[in-house]
Amino acid sequence: MEKEKSSAFETHMLVVSVSPHIKQPVTVEKIMWTVVACLIPPLILSVFIFGPRVLIITLISVISCVLTEAISQKALGRPVTIRDGSAVITGLLLAYVIPPGVPYYLPILGAVMAIFVTKQLFGGLGANIFNPALIGRAFLMATFPVAMTSAWITPKYIQFKADALSSATPLFIIKHYGIKALIQTYGSLSYIYKNFFVGIRPGCIGETSAFLLLLGGLYLIYKGYIKWYIPVSMIGTIALLTWIFGGEHLFEGNPLVAILSGGVMLGAFFMATDYATSPNWKTGQLIYGAGIGLITVLIRLKGGYPEGVCYAILLMNGFTPALDSWFKPKRFAPPKGVKK
Amino acid sequence: MEKELRTFKKGGIHPPERKEYTEHLAIEDMPLPKEVDILLSQHFGAWCKPLVKKKDRVEEGDIIGDVEKGLGACVHASVTGAVKDIGSSPHPLLVSVPSITIERDQEAERKEYKKEDWHNLSREELLSRVKKAGIVGMGGAGFPTHVKLSPPPEAKVDTLIINGAECEPYLTVDHRLMVEHAPEIVEGIKIILTILGIKRGYVGIEVNKPDAIEEMSKAVKENSEGFDIGVVPLKVKYPQGSEKQLIEAVTGRKVPAFGLPFDVGVIVQNIGTTRAIYEAVIFNKPVVEKVVTISGKGIKRQANLRVRIGTKLKDIVEYLGGTTPDLKKVVVGGPMMGFAISTLDFPITKITSGVLFLTEDEIDLYEYKPCIRCGFCLEACPMGLQPNEIGIYVEAGRAEETAQFGVFECFECGCCAYVCPSKRPLVQFIRIGKMKAKRA
Ligand code: SF4
Ligand code: SF4
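These protein sequence lines are chains L and Y, in that order.
Heads up: the first sequence begins at 0 in numbering that gives the first Met the number 0, then just goes up one per residue.
Heads up: the second sequence begins at 0 in numbering that gives the first Met the number 0, then just goes up one per residue.
I should point out that these hints are in silico values taken from the structure, not numbers from a laboratory.
Mixed in with the good hints, there may be bad ones.
Claimed, not checked - Take a look, some chain L residues computed to stay more than 10 Å from chain Y by CB distance: (1) Leu58; (2) Leu75; (3) Gly76; (4) Ala163; (5) Ser166; (6) Trp325.
Claimed, not checked - DSSO-like cross-link-like pairs, simulated, lysine-lysine; straight-line CA separation at most 30 Å: (7) L:Lys329 <-> Y:Lys234; (8) L:Lys329 <-> Y:Lys296; (9) Y:Lys296 <-> L:Lys222; (10) L:Lys329 <-> Y:Lys236.
We put the CB at the ideal spot given by N, CA and C, even for glycine.
My request is simple: use the sequences and hints to build the entire structure.
Here it is as structure tokens:
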């Protein structure tokens with residue numbers, strides 16, 4: 000008894016550190032692996048509709064990202080932090096934004112660009128300015144434009160009314176043939192809504208299922224890991240602007256098809272909300288999301304590409320430092336005369 | 000039907016309360032210790048000069064140290080005995096401070112104090128009793144109470160708020176005082192209101208203490224004639240007990256940065272302080288004892304103990320049956336704002352509200368990582384500051400530039416560090432910033 004009583008003091012085992020002494024049981028690892036878990040269901044669906052090669056591409060992407068992270072951290076003399084799950088997320092997201100039919104070596108190149116150049120050379124987790132997975136994709140778009148814009152696969156479990164465009168992405172059809180052609184291809188608008196919502200449509204590996212992405216995103220919001228500001232303002236802006244300007248006449252666009260196609264859901268919940276590259280205060284986040292929406296619609300309607308989410312997010316990444324310095328939390332009753 | 004409960008608006012967190020260890024335990028008198036160590040710097044303010052010499056005999060309640068000039072409060076002998084030594088004692092903040100050690104006479108017991116009626120006393124007399132009793136704010140920094148109760152005449156104080164929020168996890172001192180001594184606290188409130196020359200007082204209590212709300216409401220109903228005293232139930236949220244947040248929660252008024260409560264017409268007093276004022280005025284009893292919560296899984300028995308000022312922690316530990324083998328950290332104060340200590344020679348001071356013996360599963364031992372820019376800390380900060388930037392600047396060796404992020408408005412509540420998933424020692428960074436930056 001006597002001995003036990005003071006043992007901790009005698010052996011100097013007591014920890015003395017700064018307050019607070021209790022912290023909420025949320026760690027970077029926990030957040031990252033939760034995001035990984037939320038990204039798995041869309042992949043499973045993708046394997047069913049596009050076949051096992053999407054799983055192989057995703058695995059190659061993830062493994063390349065993790066390896067690149069480990070090697071570049073070693074080379075740069077930093078602690079190796081591949082256990083934190085952030086490279087796994089980048090690997091998943093990189094695979095999710097490339098077409099299912101690309102050659103297997105493509106994600107390897109994208110991974111080096113994403114992790115080594117975009118993330119580690121800029122200082123590692125939290126210090127990068129641009130979203131690594133999206134830079135990876137932009138790099139592949141520039142270097143392998145044909146594969147990246149044509150390696151689509153026709154999904155299983157869906158009946159097309161007209162087969163000519165069955166493997167083209169919905170946004171490609173809308174851009175070049177108009178929404179009527181899209182309805183013709185799929186038979187009816189309601190059939191489009193249903194299948195796009197579930198995720199049975201041509202597209203990039205992980206972007207097709209609005210439902211599963213929404214589910215994952217809502218879970219992250221429920222856990223408090225991400226806030227609703229960015230997804231809501233981004234999706235809202237896309238819907239609104241498409242409705243106004245996306246049709247033949249003003250106010251005739253179809254907002255629902257716009258947000259159910261392309262990378263809107265994936266981008267809104269899993270890419271635009273990336274901590275490092277998005278503003279960290281709500282006012283800035285609302286503007287940032289709206290900016291992404293605006294640029295996305297601009298590219299879709301006026302630009303050369305059918306889809307603009309990727310570039311829109313990257314462009315707004317560049318505005319993040321400015322948004323953060325313009326929109327800060329309001330102080331609790333600042334002293335008079337001091338502008339803060 | 001229920002109106003939404005009042006609370007402060009910006010930021011705040013919900014740490015686990017962990018009050019169940021002690022909230023139902025009645026306050027217990029610890030037997031008088033053989034020896035006490037009275038620190039000459041108990042709190043905020045000037046240090047006291049000893050008024051006794053080695054071997055002098057002192058009686059419980061004798062003033063043994065006083066401030067010569069400047070802000071401060073006197074200290075008293077908390078037991079009857081002989082001055083054994085005038086040396087130094089460990090202190091969580093100041094490392095070590097001068098102290099007077101008194102060896103208690105073996106047969107000396109607690110002194111009896113006579114009850115008096117206070118209603119004929121003038122404001123000046125009341126105030127001088129508070130001063131003579133050496134009362135300081137018992138919840139936090141220990142600001143001398145007689146000074147706080149004499150606001151400058153240009154400050155138009157119209158409201159007294161008694162802080163019964165006790166928002167720090169584990170601590171149950173104020174809770175128990177309210178449950179067990181409600182009538183005395185209400186009498187204390189009336190005394191304070193009389194000193195201030197005002198009528199209106201509120202007691203803010205978080206709703207996780209329903210029995211305290213009930214007892215206090217009852218006492219107020221029975222004994223507040225001539226005054227306008229109300230009990231205000233508050234939503235549970237940390238740091239509700241911080242003055243600025245409490246004032247906002249109760250009155251909606253906001254104390255400006257670098258301002259004091261009386262700038263918005265409010266004076267805040269802690270529950271323990273209010274009771275001490277009652278004892279000082281009605282019994283002429285100085286601050287010779289203090290109720291402290293001893294809690295955490297690292298001690299054999301948890302308790303709400305009434306101990307003499309200067310009682311050493313090791314005597315308390317022995318009285319409660321010792322610590323457990325898995326004890327990892329000892330914290331003086333609450334887990335959010337308290338200080339970790341490395342020795343049990345530490346004596347209880349007037350502002351000690353609790354001592355926590357924490358095991359590994361109760362504390363956080365993660366190593367910290369770089370900021371991932373999640374923004375959680377911005378959301379949590381009740382002052383609307385940017386702790387993330389302060390941390391990054393301090394790490395980059397640019398601590399001088401942190402005033403722009405509000406480093407001087409920070410009161411170190413720890414909300415930011417509590418939520419940070421990278422476990423960054425933000426409060427530490429902030430303290431460095433405060434040392435190096437220049438006030439704007
Ligand atoms: S410790 Fe300071 S910066 Fe951190 S939350 Fe509290 S007031 Fe804000
Ligand atoms: S909570 Fe921590 S990791 Fe997140 S922004 Fe604040 S300091 Fe950075």
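Report task. Go through the numbered hints given earlier and state which of them the structure violates, listing their numbers in rising order. Result -> 8
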